[in-house]
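Asks: The lines below spell out each chain.
Number of protein chains: 2
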Amino acid sequence: MGTAERKLREKEQRRQYILDTAEQIFFKQGADVVTMDDLARATELSKGTLYLYFRNKEALFLAINVRAKKQMREMMEQALIAEPKANGLLQVQALGRAYIAFAMEYPDYYQMTLRCFTLETTHLDQDRYADEAHYHGEKCFEMLMLALQKGQADGSIAQDLEIGPTALVLWGQLNGLMQVLDVKGPYFQRKLKVTADAVIASCLELSLRMLNPR
Amino acid sequence: MGTAERKLREKEQRRQYILDTAEQIFFKQGADVVTMDDLARATELSKGTLYLYFRNKEALFLAINVRAKKQMREMMEQALIAEPKANGLLQVQALGRAYIAFAMEYPDYYQMTLRCFTLETTHLDQDRYADEAHYHGEKCFEMLMLALQKGQADGSIAQDLEIGPTALVLWGQLNGLMQVLDVKGPYFQRKLKVTADAVIASCLELSLRMLNPR
DNA sequence: GATAAAGCATGACCGCTGGTCAGAAATAAG
DNA sequence: CTTATTTCTGACCAGCGGTCATGCTTTATC
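Chains as they are written, first to last, in numbering that gives the first Met the number 0: chain A, 0 to 213; chain B, 0 to 213.
Just so you know, these hints were derived from the structure itself, not from any lab.
Take these hints with a grain of salt, some might be off.
Intra- or inter-copy, both count: the list cannot distinguish identical chains.
[Claimed, not checked] Straight line, CA to CA, 25 Å or less: simulated SDA-like cross-link-like pairs of lysine to any residue:
{"id": "1", "residue 1": "Lys69", "residue 2": "Lys190"}
{"id": "2", "residue 1": "Lys192", "residue 2": "Gly29"}
{"id": "3", "residue 1": "Lys149", "residue 2": "Ser201"}
{"id": "4", "residue 1": "Lys69", "residue 2": "Pro185"}
{"id": "5", "residue 1": "Lys56", "residue 2": "Asp19"}
{"id": "6", "residue 1": "Lys6", "residue 2": "Glu131"}
{"id": "7", "residue 1": "Lys190", "residue 2": "Leu118"}
{"id": "8", "residue 1": "Lys56", "residue 2": "Gly136"}
{"id": "9", "residue 1": "Lys10", "residue 2": "Leu113"}
{"id": "10", "residue 1": "Lys138", "residue 2": "Val193"}
{"id": "11", "residue 1": "Lys56", "residue 2": "Gly29"}
{"id": "12", "residue 1": "Lys149", "residue 2": "Thr120"}
{"id": "13", "residue 1": "Lys138", "residue 2": "Ala152"}
{"id": "14", "residue 1": "Lys84", "residue 2": "Arg14"}
{"id": "15", "residue 1": "Lys84", "residue 2": "Met144"}
{"id": "16", "residue 1": "Lys192", "residue 2": "Gln148"}
{"id": "17", "residue 1": "Lys56", "residue 2": "Gln28"}
{"id": "18", "residue 1": "Lys190", "residue 2": "Asp130"}
{"id": "19", "residue 1": "Lys192", "residue 2": "Thr121"}
{"id": "20", "residue 1": "Lys138", "residue 2": "Thr194"}
{"id": "21", "residue 1": "Lys56", "residue 2": "Val33"}
{"id": "22", "residue 1": "Lys56", "residue 2": "Gln151"}
{"id": "23", "residue 1": "Lys84", "residue 2": "Met74"}
{"id": "24", "residue 1": "Lys56", "residue 2": "Val32"}
{"id": "25", "residue 1": "Lys192", "residue 2": "Leu145"}
{"id": "26", "residue 1": "Lys192", "residue 2": "Phe116"}
{"id": "27", "residue 1": "Lys69", "residue 2": "Thr20"}
Whole structure, please, built from the sequences with the hints as guidance.
Replies: Here's what the structure looks like:
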């Protein structure tokens, strides 16, 4: 009989329902200040029930992080699909733009990926959600490396660059910049009279110079 | 009589003593797991006394963050003093190396700057320590901008770059990369067979290409 | 339909943490 | 020595993440 499967489906549905609600109140009030009691009230479930579906509060973060990373990956994949026959350099650029678009269009998701940055790594091979999120991130990184490779093959990217380190630098660079803008953006806008958009444009331009063949 | 000044001096000494002890146990055990009771025991003071010298636990972090930033600034300043008549590009490079050296030689301090990254900004104009740390960071940033300017003047750096955004990108880039290496370094070492040093070398090389005149 | 078994939901409860405060102790002033 | 002031103390508190004995609902068996 299909009872078992139905139960499993229902369980998954409830899990998603909890996540939906958690996302809402985490993003509205700030994930730190929301207590598990708050979430219990918001979901109209008892606190104990929450812990039936998620080992602890961290697990909730990591589960939302999975959604975030999935979204990020989707946008980066779409960016490549949109320009199937672009050269490698253009592909790298497209990936960068997609990453930026993700951070700007889904700031709460982006925040969650930052919050889980360390958590995700320390919980690898121990938490299903950590593994899943890591997997999406890895896929994105592979796309970046492939684009770099393609660029070297088609001559749009300097031949003498090592793929791995270059990809890591590009990733870290963009990640770091978005983080700085996120936290100190308003400050720099006042101080330097420069908008975040202008800085991002500069970053993309500078990345081009980095990769250009001599 | 000099009683008042002596008291003030003693107060400052005790404050530093608390910070010294806090640094020790925070860095040895991890700042998160150390409780204020732990710190009280370690300092041989009562918990209440700790709160006489620091508003709360965050204030302790921010105060240690000041020490960290001071160290960072010192190292970056020394880097410039060591090569007084280098051209702008070399100065930028020297600053980058100094920043990296700071992160590698004082990993606990570096960790603390990361932990306080957001805190420091949100507490600006409200917390003496936040302001002080921010000031040191600002000085470093100014050094970077001046080096870029000098580079444009002496022809070692592309003329068409905007100083502000370029400095921000460089800063964010290095910051982001060090963070990635810090958290996922071991992972990438396994995955890509690339050491952190090699990635850092790549980063410096790539930065050069970014700034080079055509 | 009655009964047993299994799974699920509950919320009172726990330990621990950052933070407080009334009173004790120490120091300075008269 | 007495008084006034500053400094220190640790028992105490509220709030948090997390647990678990208890009761309830659903499923399986006859």
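Asks: For each hint, tell me whether it holds in the structure or not.
Replies: Now the hints, each set against the structure:
For the homomeric pair Lys69 and Lys190, the shortest alpha-carbon distance between copies (21 Å) is at most 25 Å, but the shortest distance inside one copy (36 Å) is not. With identical chains, the CA atoms of Lys192 and Gly29 are never at most 25 Å apart, being 29 Å at best within one copy and 39 Å at best between copies. In this assembly of identical chains, Lys149 and Ser201 lie within 25 Å of each other by CA distance both inside one copy and across copies; the values are 24 Å within and 19 Å between. Proximity of Lys69 to Pro185 under the C-alpha cut-off of 25 Å is restricted to the inter-copy arrangement: shortest distance 24 Å between copies versus 29 Å within a copy.
Proximity of Lys56 and Asp19 under a CA criterion of 25 Å is satisfied intra-copy only: 15 Å inside one chain copy versus 33 Å between copies. Taking the closest pair of Cα atoms, Lys6 and Glu131 come within 25 Å of each other only inside a single copy of the chain (23 Å); across copies the shortest separation is 58 Å, beyond that limit. When the C-alpha separation of Lys190 and Leu118 is checked against a cutoff of 25 Å, the pair qualifies only between copies, where the shortest distance is 19 Å, while the shortest distance within a copy is 34 Å. For the homomeric pair Lys56 and Gly136, the shortest alpha-carbon distance inside one copy (22 Å) is at most 25 Å, but the shortest distance between copies (34 Å) is not.
Taking CA atoms no more than 25 Å apart as the test, Lys10 paired with Leu113 passes in neither setting, with 29 Å inside one copy and 39 Å between copies. Taking CA atoms no more than 25 Å apart as the test, Lys138 paired with Val193 passes between copies only; the shortest distance there is 19 Å, against 34 Å inside one copy. In this assembly of identical chains, Lys56 and Gly29 lie within 25 Å of each other by CA distance both inside one copy and across copies; the values are 14 Å within and 20 Å between. In this assembly of identical chains, the alpha carbons of Lys149 and Thr120 never lie at most 25 Å apart, being 29 Å within a copy and 41 Å across copies at closest.
Within a single copy, Lys138 and Ala152 get their C-alpha atoms as close as 21 Å, which meets the 25 Å cut-off; across copies the closest is 43 Å, which misses it. In this assembly of identical chains, Lys84 and Arg14 lie within 25 Å of each other by CA distance neither inside one copy nor across copies; the values are 41 Å within and 63 Å between. In the homo-oligomer, the alpha carbons of Lys84 and Met144 lie at most 25 Å apart inside one protomer (17 Å), although the nearest pairing across protomers, at 39 Å, exceeds that limit. For a Cα distance limit of 25 Å, the shortest separation of Lys192 from Gln148 across copies, 17 Å, qualifies, whereas the shortest one inside one copy, 38 Å, does not.
Taking the shortest Cα distances, Lys56 and Gln28 sit within 25 Å of each other both inside one copy (16 Å) and across copies (23 Å). When the C-alpha separation of Lys190 and Asp130 is checked against a cutoff of 25 Å, the pair qualifies only between copies, where the shortest distance is 15 Å, while the shortest distance within a copy is 41 Å. Taking CA atoms no more than 25 Å apart as the test, Lys192 paired with Thr121 passes between copies only; the shortest distance there is 20 Å, against 39 Å inside one copy. Taking identical chains as interchangeable, the C-alpha atoms of Lys138 and Thr194 lie at most 25 Å apart only when they sit on different chains, with a minimum of 21 Å there against 31 Å within one chain.
For the identical chains of this complex, Lys56 and Val33 are neighbours both inside a copy (10 Å) and across copies (20 Å), given an alpha-carbon limit of 25 Å. With identical chains, the CA atoms of Lys56 and Gln151 are never at most 25 Å apart, being 45 Å at best within one copy and 51 Å at best between copies. Taking the shortest alpha-carbon separations for Lys84 and Met74, only the intra-copy value of 18 Å comes in at or below 25 Å, while the best inter-copy value is 47 Å. When the C-alpha separation of Lys56 and Val32 is checked against a cutoff of 25 Å, the pair qualifies both within a copy, at 12 Å, and between copies, at 17 Å.
With identical chains, the CA atoms of Lys192 and Leu145 are at most 25 Å apart between copies only, with a shortest distance of 17 Å across copies and 37 Å within one. Within a single copy, Lys192 and Phe116 get their C-alpha atoms only as close as 31 Å, which misses the 25 Å cut-off; across copies the closest is 22 Å, which meets it. When the C-alpha separation of Lys69 and Thr20 is checked against a cutoff of 25 Å, the pair qualifies only within one copy, where the shortest distance is 18 Å, while the shortest distance between copies is 44 Å.
Comparing the model with each numbered hint stated earlier shows that hints 2, 9, 12, 14, 22 do not hold.
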